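Novice: Just need the whole structure built from these sequences, with the hints factored in.
Protein chains: 2
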Amino acid sequence: MNTTEHSEFLSFKNVHIHDTFWTPLMERVRTKVIPYQWEALNDHVPGAEPSGCMRNFKIAAQLARPELDYGEDSSAGHYGFVFQDSDAAKWIEAAAGALAWHPDEALEQTVDGAIDIICNAQQSDGYLNTYYIIKGLEGRFTNLKDNHELYCFGHFVEAATAYYEATGKRKLLDAMIRYTDCVDRHIGPEEGKLHGYPGHEIAEMALARLYGITKDEKHLKLAKYFIDERGKRPYFFAQEECRRNGGTESDGMDKSGDHYHYHQAHKPVREQSAAVGHAVRAVYLYSGTADIARLTGDDALLEACRRLWDNIVKRQMYITGAVGQSVHGEAFTFDYDLPNDTAYGETCASIGLAFFARRMASLAPRAVYGDTLERALFNGIISGMSLDGMSFFYVNPLEALPESCGKDQSRRHVKFERQKWFACACCPPNVARIIASLGSYVHSVGDDCVYTHLFVGSEAKFVAGGKNVSLKLETGYPWRGHVDISFTVDGGEAEFRYGFRIPGWCASHTVALNGDNALCTEKDGFAYIKREWRSGDRLTLVFDMPVTFIEANPHVRENAGKMALMRGPLVYCLEEADNGKELFRLRAGFPAHHSIKVQYEKDLLGGVTSVSFMGRKLKGWNKDDLYRAASEAAYEEKDLRWIPYYAWANRDPGEMAVWINK
Amino acid sequence: MNTTEHSEFLSFKNVHIHDTFWTPLMERVRTKVIPYQWEALNDHVPGAEPSGCMRNFKIAAQLARPELDYGEDSSAGHYGFVFQDSDAAKWIEAAAGALAWHPDEALEQTVDGAIDIICNAQQSDGYLNTYYIIKGLEGRFTNLKDNHELYCFGHFVEAATAYYEATGKRKLLDAMIRYTDCVDRHIGPEEGKLHGYPGHEIAEMALARLYGITKDEKHLKLAKYFIDERGKRPYFFAQEECRRNGGTESDGMDKSGDHYHYHQAHKPVREQSAAVGHAVRAVYLYSGTADIARLTGDDALLEACRRLWDNIVKRQMYITGAVGQSVHGEAFTFDYDLPNDTAYGETCASIGLAFFARRMASLAPRAVYGDTLERALFNGIISGMSLDGMSFFYVNPLEALPESCGKDQSRRHVKFERQKWFACACCPPNVARIIASLGSYVHSVGDDCVYTHLFVGSEAKFVAGGKNVSLKLETGYPWRGHVDISFTVDGGEAEFRYGFRIPGWCASHTVALNGDNALCTEKDGFAYIKREWRSGDRLTLVFDMPVTFIEANPHVRENAGKMALMRGPLVYCLEEADNGKELFRLRAGFPAHHSIKVQYEKDLLGGVTSVSFMGRKLKGWNKDDLYRAASEAAYEEKDLRWIPYYAWANRDPGEMAVWINK
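Chains as they are written, first to last, in the working numbering: chain A, 1 to 662; chain C, 1 to 662.
Everything labelled a hint here was simulated from the structure, so no lab data went into it. Treat the numbers as computed from the prediction; the structure is a model and nothing was measured. Ideal Cβ positions, reconstructed from N, Cα and C, are used throughout, including at glycine. There may be inaccurate statements among the hints.
Partial list, derived from the structure: chain A residues whose beta carbon lies under 7 Å from chain C [as the list claims (entries may be wrong)]:
1) F334
2) E551
3) M563
Specialist: Quick look at the structure:
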């Protein structure tokens with residue numbers, strides 16, 4: 001492994017964002033989503049299905065009585081899904097991100113109060129899962145496959161590390177270290193321990209993050225064990241099922257591993273090469289695997305990560321960065337299978353893809369990782385949240401036809417209006433936590449090099465060339481391709497390489513250093529300048545950002561003969577609100593020479609750059625003739641107006657399409 | 001109602017088919033399907049899931065002991081679905097058709113033996129349903145919605161009338177008259193009777209057919225009652241559920257009728273105007289409704305039939321005559337929603353559409369009915385059976401990609417290989433019964449006119465102009481558009497109008513009478529000649545049959561920019577066996593002037609006319625680039641070879657497509 005390629009991303013604590021695009025989004029998360037979610041976790045949202053989340057912790061902590069308020073479902077005391085705890089963890093992580101860039105005493109007090117309740121529920125041996133504390137501890141660690149115990153554990157470790165990074169407070173961190181010790185006592189390679197691993201991955205990357213703080217080898221070892229053990233034969237998930245049912249391992253258990261594709265446990269991670277199964281689980285596993293590959297220098301794991309990465313990005317990723325094509329199992333399907341109208345593309349899966357991208361970028365500076373991170377962030381992730389921050393998409397289709405969503409059960413998962421909150425509330429807090437921690441996706445620092453992966457207006461502080469350096473980035477991205485980067489070096493100057501990603505969508509760019517053309521070396525899509533950086537040094541990057549018609553690989557059957565539109569990192573779409581019904585009748589008219597109008601409209605959808613040009617629309621005929629002898633297709637001229645995909649479904653409900661006929 | 005437009009189809013008993021296309025198919029049914037199905041009904045097919053059907057009758061007749069042979073499932077004695085009885089009925093009906101055109105003493109004895117067993121199971125009050133006889137008669141008529149009791153009843157009435165028509169034997173007919181009396185004692189408008197109707201329709205048309213033989217008003221009245229009562233409020237299905245559950249009618253029952261779309265019981269039939277719900281149920285209901293409309297002269301029912309017909313044929317019918325777009329509920333969805341790759345298009349639903357078409361044609365001679373009958377017969381129906389008669393499609397997609405069927409659960413219902421027999425064996429015997437009775441779809445006789453709806457080589461006998469007339473039809477249809485019709489009149493001459501359908505696919509035709517151009521009047525797609533027909537009169541019809549590229553209405557989103565190919569009544573398709581993989585990359589190249597090769601190939605797929613021309617194929621690019629800036633599409637020339645759709649999936653398993661880009 002070439003460890004000189006490694007770098008570590010700066011914490012959100014050290015990258016302060018002030019960006020024309022992202023700051024309003026982060027403010028939306030801070031001022032609307034986080035407070036709303038806190039109300040939801042406490043069952044204070046009128047008319048909404050109760051969450052039960054914080055109440056479960058109070059019951060587990062014996063601060064509340066189980067029998068109150070919840071009607072029929074209260075009989076067993078625990079309310080909601082087995083993974084209800086994770087909502088609190090995601091909320092704390094989101095709050096941590098928000099606190100890191102916007103100190104807020106009231107919010108911090110609220111989080112501290114939540115942590116107090118949560119820690120009160122922790123058992124003397126460190127165990128902390130309200131489902132089993134309330135339902136009976138004898139059941140714990142008996143169904144790792146289905147019951148999300150290690151998933152909630154992982155989310156809490158994430159929350160604890162984030163809150164520690166943001167505030168320096170150790171209470172939750174210490175609690176989670178104790179919980180980690182508890183898990184470690186029950187699961188591991190030693191005899192007498194369970195040889196198990198999470199049914200829903202996340203603990204792997206969470207423990208890697210914890211190790212980054214504690215440097216306790218035990219934490220790294222546990223994460224590595226989860227990855228090493230996964231998919232080994234005999235299958236742990238089969239064994240634990242036998243134990244629960246009182247059978248023996250040979251009793252009708254799945255020996256082929258086919259049933260474990262959903263959990264990516266069909267074979268050892270080192271042998272995997274195609275993304276399979278539940279997409280969120282998958283990308284979380286791959287993210288954790290990349291962490292462990294880097295922390296342990298394990299080449300076989302790195303190779304597995306690269307194969308899985310390639311499989312996703314070259315075969316199974318929507319143009320929006322959505323992944324997981326099928327509603328069935330919320331899962332990956334097969335190479336080049338990218339249906340637009342039945343796409344699942346769970347918001348959380350795109351978030352997980354961003355996690356994976358960040359970790360791959362940490363392993364080696366290649367532009368494809370930042371490109372994909374950017375693709376997911378600007379499209380498939382933020383499409384999950386409405387412009388007012390009050391409603392959310394779980395599923396992110398690339399084509400929506402309201403009638404079809406209502407009348408065809410195979411498309412019922414596709415919504416054309418964002419929902420207030422979901423009974424399974426995984427996506428909204430996940431969107432909140434990634435946006436709130438956006439600062440930790442911008443720059444990374446390696447042995448002799450500082451890398452910029454995302455162009456987000458911000459001020460970053462780090463050590464390079466032995467000096468404290470501050471890097472200020474100003475940009476009108478994603479609407480304009482102009483980026484100004486200025487350096488301040490404590491003590492005058494510092495020698496290091498600085499590299500920035502040349503976006504994959506950009507065919508032509510210029511770089512100026514202090515006003516003069518700069519000579520860069522380029523490698524793997526990064527441009528590098530090595531010099532003694534001085535305070536006042538200023539880099540000016542100009543990325544050409546024309547409207548680009550995109551085509552999909554001919555292996556993608558759903559997009560044969562079609563085009564999509566991008567400008568910079570943004571995928572565009574057509575909406576009924578601008579273009580009328582039956583978007584499928586539209587044609588771009590490519591490759592005729594278009595006069596393309598690109599216009600920033602500050603009053604449209606919170607301020608977006610729209611794209612318009614004269615396309616064509618298939619003329620209608622007698623609606624009573626379903627079939628007829630084909631004539632040369634008759635089109636009428638039709639002005640097509642495109643908006644950024646992320647902003648769709650913020651006006652009257654209607655059709656949407658990303659891909660139309662050329 | 002204009003009853004002068006009415007006509008009655010000749011029975012298969014009076015239309016003897018000898019046709020180059022259909023006779024081999026009928027022979028296949030007679031010599032392979034019918035014997036195989038008899039073995040299946042008797043659980044004699046090695047390796048196949050037992051049917052239990054005939055055994056259920058033996059148990060019900062106390063000719064066999066219930067506890068033998070069936071392992072776990074035998075506990076209650078009855079084996080298989082609640083509608084298992086209907087398989088025997090369909091088989092008898094198929095055998096009746098076969099016996100009508102090919103006397104076969106051994107087969108007739110087998111049927112008689114089956115009828116003996118079946119009649120032995122009949123209860124003293126006429127009741128005959130093995131599920132309830134075996135499970136307990138106290139349960140009968142308590143779940144008309146779900147338990148298919150009146151469905152099995154209807155199928156047996158169909159079988160009884162068919163066998164009587166074919167052989168003149170009354171045993172089963174009399175048994176079914178007694179069963180009808182039994183049903184009539186339990187269900188009807190009178191107080192004390194159930195105000196119910198079938199959960200799965202068919203009894204409506206069966207009783208109409210029975211009435212055609214018995215002329216017993218009671219039989220017509222019961223059929224009419226089923227149709228009149230359907231969809232009235234309060235909903236009978238809700239009421240019977242309450243009775244079963246001991247609740248009252250107001251107990252949480254569906255009051256909106258929304259849940260009854262599946263059963264077409266959401267509102268009264270007279271008020272329905274869109275085809276909804278389970279497609280087979282729907283077209284069976286509409287067929288029965290058309291029968292009752294004709295037999296009772298009920299204009300409101302006729303109008304409902306016409307609205308429903310139009311909705312199907314103008315909005316919801318695949319080019320192959322397949323209906324029922326969605327696997328969910330095997331159901332209709334909504335107007336212009338005709339996805340190709342997730343199409344359900346159950347073979348039985350196309351058969352039901354043929355039933356409906358025949359009845360609509362009986363109400364008024366309009367070519368659209370025969371056109372649709374022909375479309376379904378030559379495409380969506382016979383595609384259900386393999387060329388060797390030994391395997392069957394339940395689902396008839398218009399596009400199949402094997403990988404997708406295997407790896408995407410939302411397409412798992414789509415098969416690319418026909419199956420031996422289904423656990424739910426409804427389609428194979430249904431194909432058998434319609435093919436075996438094809439003679440009853442050819443001609444109809446009205447007050448002063450004889451109509452030919454289908455061009456099938458045959459000899460028909462009927463009375464017209466007061467004389468016995470024989471009409472001999474010879475044709476190379478569907479491969480050639482040449483039809484010779486010769487008349488023989490007992491006693492020299494008979495005056496009547498003769499009308500024949502001008503196929504909707506035919507843009508140009510000629511008619512000669514005894515060698516000279518004939519002057520026809522035309523109305524609603526029929527051409528008419530009125531004269532004194534004499535023995536030796538000969539009509540020669542020549543229908544131009546060019547290869548025709550077809551386009552779908554622009555409202556059909558899945559076919560925007562695409563074309564299909566027809567020649568005569570046949571829809572064509574592309575198969576991987578002829579055209580390689582990734583058929584979606586092919587383009588017809590329309591409207592370039594093609595040199596189209598049309599060739600009858602006697603050794604291909606049992607003898608078919610193939611169509612070939614030079615089209616284009618989207619060139620591939622680097623398989624690792626999922627997206628790129630669009631260039632002018634690069635195509636390579638590619639010879640496209642089309643085969644008739646019905647013959648697909650008879651070679652190596654692979655892809656198939658009906659619609660490709662123009």
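Novice: Which of the numbered hints above does this structure break?
Specialist: Result: no hint breaks.
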